[in-house]
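In order, the protein sequences belong to chains A and B. FYI, in numbering that gives the first Met the number 0 the residues of the first sequence are 0 to 276. FYI, in numbering that gives the first Met the number 0 the residues of the second sequence are 0 to 1278.
These are calculated hints, taken from the structure and not from any lab test. Here the structure is a predicted model, which means the values were calculated and not measured. Don't be surprised by glycine CBs; every beta carbon is placed ideally from N, CA and C. Treat the hints with caution; some may be incorrect.
[As the list claims (entries may be wrong)] Which chain B residues stay away from chain A? Per the calculated CB distances, all over 10 Å, these:
#1 LYS702
#2 GLN990
#3 LYS1072
[To be verified] Subject to a maximum C-alpha distance of 35 Å in a straight line, what follows is the list of computed DSBU-like cross-link-like pairs (lysine-lysine):
#4 B:LYS577 to A:LYS165
#5 A:LYS248 to B:LYS955
#6 B:LYS1028 to B:LYS823
#7 B:LYS906 to B:LYS955
#8 A:LYS91 to A:LYS169
#9 B:LYS766 to A:LYS91
#10 A:LYS169 to B:LYS1268
#11 B:LYS1198 to B:LYS1247
#12 A:LYS255 to A:LYS265
#13 B:LYS1173 to A:LYS255
#14 A:LYS178 to B:LYS595
#15 B:LYS886 to B:LYS786
#16 B:LYS168 to A:LYS178
#17 B:LYS569 to B:LYS467
#18 B:LYS922 to B:LYS1046
#19 B:LYS951 to A:LYS248
#20 B:LYS577 to B:LYS595
#21 A:LYS165 to B:LYS823
#22 B:LYS321 to A:LYS228
#23 B:LYS955 to B:LYS823
#24 A:LYS265 to B:LYS766
#25 A:LYS169 to B:LYS577
#26 B:LYS338 to B:LYS321
#27 B:LYS586 to A:LYS179
#28 A:LYS228 to B:LYS629
#29 B:LYS1198 to B:LYS1046
#30 B:LYS1247 to A:LYS62
#31 B:LYS1111 to B:LYS1046
#32 B:LYS823 to B:LYS784
#33 B:LYS784 to A:LYS165
#34 B:LYS1073 to B:LYS1130
#35 A:LYS228 to B:LYS1173
#36 B:LYS784 to B:LYS595
#37 A:LYS171 to B:LYS586
#38 B:LYS575 to A:LYS171
#39 B:LYS1016 to B:LYS1049
#40 B:LYS593 to B:LYS575
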Amino acid sequence: MTKSINKQELEILLLLSAIKKFYAIDFSHYKTASLKRRLQYNLEKHNLVHISELIPHILWNHKNFEDLLFDISIPVTEMYRDPEVYAQITKKVIPFLKTFPKSRIWIAGCATGEEAYSLAILLLEANYLEHCQIIATDFNQNALTKAELGIYSQESINSYALAYLKAGGKYKLTNYFMKKENMMQIDPELRTHVSFMQHNLMDGPPVLNTNLILCRNVFIYFDRELQQKVTDTFYQSLTRGGFLCLGLKESLDFLKQKRFSNYDEKYRIYRKSFDSN
Amino acid sequence: MLNLTRSKQQKLGIKIGIAFSLVALILIGTLVFTLYRIHETDLINRQLSDTITPQLSAALNMQRGLQNMLSAERDFLISRDNQYRTQRDDSWNKLITPFSGLLQALLKNDNDSATFSTQLSSQLNELENNIKILNKTDMAQQEQIKLFYQTVAPVAEQIRFNLNNFIAKKQNTLLANLQYMRKQIIYVLIIDASFLVLGVVLCILLGIVLTNLVTKPVKLLVKVADELAKGNLKQSIDLKEAEEFENLSESINRVIKTLNEIATVTQKMSEGNYNQSVTIKSEQDILAISTNKMLENLNAIVSQANAIAEGDYASEIKPRSKNDFLGIALQNMTATLAKNQAYNDEQNWLKDGLAQFANVISETRELSKLCNDVMSTVCRYTEAGMGAIYLLDAKKEELRLRGSFAFTERDHLASSYEIGQGLVGQVAYENKAIMLKTPKEDVVSIDTGITKQQANYIYAFPLVYEKKLIGVMEVAWLQGPHALISQYVDELVPILSSHLQATQQQTLTENLLEEQKHLTEKLSTQQEELKATNEELEHQAQVLKASEEELRIKDEEQRKINKKLEERTKELESQKDKIQHANDALKEASDALKEKAQELAEASRYKSEFLANMSHELRTPLNSLLILAKIFADNHEQNLNEEQIESAKIMLKSGQDLLTLINDILDLAKVEAGKLDVHYGNMNIRSMAENIDAIFSVVAKDKGISFELDITDGIPEYIVTDEQRVSQIVLNLLSNAIKFTSEGQVKLCIYHPQRAEESLGADFDIKNYLAISVKDTGIGIPPEKQKLVFESFQQADGTTSRKYGGTGLGLSISKEFARLLQGKMTLQSTYGKGSTFTLYLPLNLKAETEDFEKTSSAQQVTPVKSAAAPKQQNTSKESNPTHKLKKLLLVEDDENFASTLMTLCRKQGYLCRHVSNAEDATKILTTDSPDAILLDLQLPGMNGIEFLDKLKTNPKTAQIPVQVISSSEESASIIQRGAIGYLTKPITDTQLTQALNIIESDVRQDIKNLLIVEDDKTLAEQIKKLISKAHQHINIDIALTGVGALKTLKENSYDCIILDLGLPDMSGNEVLKKYHAYNTTEQASVIIYTGQSLDDQQTESLSQFTDSIIIKGNEASIDRLLQETAAFLEKAKNSKTSTHTTEQTTDTSLPVNVQSGDILVVDDDSRNLFAIKKILEQYTKNIVTAVNGQKALDVLNEKNNIKLILMDIMMPVMDGYEAIQKIRQDDKYENLPIIALTAKALANDKQKCLDVGANDYVTKPIDAELLLKKVKGIFESHD
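With the rest of the complex left out, here is chain A:
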């Protein structure tokens, strides 16, 4: 039994090193357990048995790689996930943003864009969106393409309605969507405030002077080392007094240096100290 586990780990190792060498994306700091699950999923989808079979599968066919990338990065995302967090952002963060003539917001790991649009709607309702530049990044081009289109199934949008209200939404979520066949597309006006870019979190900050970074449920896939590295990136990117919002199961407690203050402990909102730089 243990032997088979070792074999599998070896397979994963080989696959990751192949990806790193060929596609220059390093997954070695992703947590093994979740990675294994994602790989298993992709494996079954393509009717393959062993993870090592994925190596030729993705090396010789870029589409397959994109597909794998999508599966690895899939983070299930939805609009107004943990609505209380958004409520807190509306209540405690947006007023602060409004004290700036212009704010820059970075959604790190935006996947298919739901989070970016969720926040954009709240900012619009706070009358501040026009002063905002929202930058949403992900390393997965497939996901970004989807995000840029902003087309979601009607069912899913309907299912977000309650969360939207809980998050402090003032109107109706569907107001911000246009019907397109049996899908819903985000209002183009809203979309203009969000720019999507391909970016790997391991490469350092894509933008500076951000006032708010949302990086929710991304850390859970990373090991300590990568978390530390990404936190450094965020620190560099944030302006003084800028906010960092993590997932509910994530925290910065591992940091040795207290470079962030706990702005809202329960909802994992952190703040870069004011007298830095």
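Go by the hints and put chain B onto chain A.
For chain B alone, kept in the frame of chain A given last:
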């Protein structure tokens, strides 16, 4: 010595002669000197013995004679004995006279003693005379004796005295001479010894030198000779020590040369070169003669060997003697070689022939070609004129001509022979070779083309393989064949036969194979065709079957789907229509609503603003009206009648009413405009209630109703709230209650609410609130109006206003106040029976404490007897106005020591507070910050060091100076941990004072100056209050106008400026421009605090002064203002302590090209612009900015002095890539340096920057040094 010998090159003999002569010379010198000295001594000696010694002895004898003579005379005179007379005469004659004569004679030549001599002779004569006289005169004995003593004795004495002197003198001379002689002898001895030593040393030296002179060359010669004996001829000797040696070395060199010559020749000989000879020097030169002979011999041998080598074995060598083994050996060798050569030639002929033959047969496989080739090869090799080969046709039993050489078929000659027929047949039959010599004429003739000759020799031989005849070969020669032809044929036949056999066999097999192959191919093609057909058929069958199946299923499915689809479509269409309709309607409604809402909000805002303005405007004239009315009503001048006074009183009353109304409106407007501020503090509930009670019990009494105050036990003494506002609400409620109550009672209750009212809402946690309610038994409010009463300008009944008066604003204001106080107001009322208004105030608000000691007691933290302090403080505060710090926190567990310290501190004029452990101290610090802390290290629970660390790591408390007072010794580490000083217990009064002074000075250094530029005075004051609460040691000034601000800025230096943009006289931007224009050093940090919302252009223009812009609008703005201020002040403090450590140390100048013009910085983010400008400002002041690519192009077109562009990439409107491309399209800017600014993480954008035409790129955040380097790099490459 060496030089001497070298320069003179004397003969050895001469050298030795000179050396010995030198020694001899020295010895002779010594001898002469010694002899001379001896002679000198001898002269002296002689003088001594010849003159002085006799003189002395004569004198002595004379003296003795004189003595004898005198004593004899005396004795004679006394005794008259003649014996004495004789004695006397004897003495005279024998001693005196001769010796005096001798002495005289001796002294004759002595000039020194001439006087003595004459004196002596005269005295002697006198003495003689005197004695004669004495003896002549026959006087009495007595007379004689007397005469003797008178004449003779003195003279004698005189003589003796002279003699004595003489003797002494001579003795001295003698002594002196002797001494001189002795000296001389010693002198001679020394000199002689010295010469002797010198001589000996010289001898030794000479001996050594000479020995060397002789032995060195001899040794050298021996060495050379030894080497020669060993055979080493590479020697030469060069002796120059002396002519003899030179000659010797020359002859030895000659010997060596001769030997060398011979050696060279022999060496060459050994190398094989015999073209040498040795010159013979004489007839006795046997060595040379033998060497030459040897050479001769060797040469002979060499030429012999050469001849042999060339194959000439004929030349014979003659042995010189029986012992000439070499010659004999050579002779034998030549013979053997000749023999071997012959044998080898034969073998080679055979081998070559066979090799050629083997080559030929290996090349050919085709039979007839093989036969022809074989024939040709054999004939050519054996020099035959003709040849033919016949092979046996086994079936026909005949030999067939298969190959030939120079063979012409002729009519009479058959191309095939039966066995036994003809020579060929015969050979075949016999299976034996036949050699024919001179065959019959006409049998065979060889046709050369020129001649035709008969072949004289014909050789035919069978070709046999494994004893089986294969064929016959026939060869013909004009002359005789080669001697070895039969051997050749013997060797050749088996090979050829086997090969022919194999070839024949192979040809046969190949033919068969070819046929077989052909057949197989034919077969497989047919098979393949068959298979393909089969497969095709099979496939077609399958396809047919599958499509049949598929079709069937599809058909069925299609039918079902079609049906469903039709239904769906219809359904969907109708749904779509419906939704579309609904959506449109909704959108319209929503739009309308939005518009309305916006309008409403706008209207409301306008209204509030208008009201606020109007109230203000109204109050001013009203004030003067009121004052005038009062003057009239008072009628001090007594010039008004009653009626006029009454009118004036009415005017005053109406005016006051109007003022109240205006104030109410103002309050409400302020509340609605969000401009009303709340000042939290500790409110003593009971005293507030009692104040109110005092007022209203009187009013109620007047109206004939009862008023009751009910405060429940257990409510806190203090709560944190704004007392003024609370009072206002309560007063309002009470005055309403009294107004609307004509009988019964009004009751004010303060209590902990038990039950939540519905109207409070679900999430209202009643436990956290204190309730203040006003109950009355008045007219009450009907339920439908209950909600309206809180609305502005509404009363329960429109008519009531007429009956009860009042503005109707009271309740709305109260409600707004309640909201501001984070509380709520509710109403419960029964129409006709009375109403209850309840105000809920939050219990747990955090106090923003104002008074240190007061708060501390409220906080209930380890109270210390400081009750007596306040008074003292007040006085001491005044007596010590210089103290900047007032509040000390003493953390000390020893109560006695603490109270002592407290007394000391209080005496110095400080407010002092004591806690006994760190935990309590921490608690206090959360609500209040002391100016300094006196800290003990040994504390219960958390110890002092931990506490100190905690303090210093918390940014809020880090700047509080901490003075450690402890009994342990850890000063160094304590200072490192951030303490300002360290005192060891026990401490004295002076020590403490000193410590406090240090703290004082430390604090004073920290005093920071802040300027608030804000036209709204109240707001400015409020900001000032907030900031001074948050920071100690800060000096805050306020300027209400731009001009005022610039004036104070000119006069004072500030660390930080908080600036409103909308000033009455000039814009904030202008203020900053002017400030920067005259103040270029040490500029204050600027925080913009403005109500305007700024567009890009505005933020950009501000970005040259600051990156900190705060938009007023909500609580967060204030928070941020405080945070930014704190950060800036902290920065100012740090920069003061670490004076400009960040100042760049490297080369600070930009290239001249850049300095001569402007730098254009393009970035959409004002903070980035600010940061970049900050960097660039270290080098140049000429910086222009733009917020996007399009603006950058505009700037570029306006200004023609741009020397460098720093271009951000990610920008709205026109991004950096596009902008750079556009710039590059213009020829003017083809070479304008552009540095792109990129975030480092965006994939490929660096390359992209360069691709579109940027000269270089820098990643953000920008490193000043790197940027400078890159700028320089570009200009250098341009140059």
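* Has the given pair, B:LYS886 with B:LYS786, been kept, meaning a C-alpha gap of at most 35 Å? -> violated, 50 Å
* Asked: Under the criterion that the straight-line Cα-Cα distance not exceed 35 Å, is the pair A:LYS248, B:LYS955 satisfied?
  -> Judged against 35 Å, a Cα distance of about 29 Å means the pair holds.
* 35 Å Cα cutoff - pair A:LYS171, B:LYS586 -> holds, 11 Å
* Hinted pair B:LYS955 and B:LYS823, Cα distance within 35 Å -> holds, 33 Å
* Asked: For the pair supplied as a hint, B:LYS1198 and B:LYS1046, is the alpha-carbon distance within the 35 Å limit?
  -> holds, 34 Å
* **Given pair status - B:LYS955, B:LYS906, alpha carbons within 35 Å** => holds, 29 Å
* Asked: Between B:LYS1073 and B:LYS1130, does the CA-CA distance stay at or below 35 Å?
  -> holds, 24 Å
* Holds or violated: A:LYS165 with B:LYS823, Cα cutoff 35 Å? -> Within the cut-off at roughly 24 Å; holds.
* Asked: A:LYS169 and B:LYS1268: Cα distance at most 35 Å?
  -> Violated, at roughly 53 Å.
* **Pair hint outcome, B:LYS569 versus B:LYS467 [Cα-Cα no greater than 35 Å]** => Since the Cα atoms of B:LYS569 and B:LYS467 sit roughly 106 Å apart, the hinted pair is violated (cutoff 35 Å).
* Is the Cα-Cα distance between A:LYS255 and A:LYS265 35 Å or less? -> Measuring from Cα to Cα gives roughly 20 Å; hence the hint holds.
* Assess, step by step, whether the Cα of B:LYS586 is no farther than 35 Å from the Cα of A:LYS179, and give holds or violated. => holds, 17 Å
Figure legend: structure checked against the earlier numbered hints; hints not met, in rising order: 10, 15, 16, 17, 18, 22, 28.
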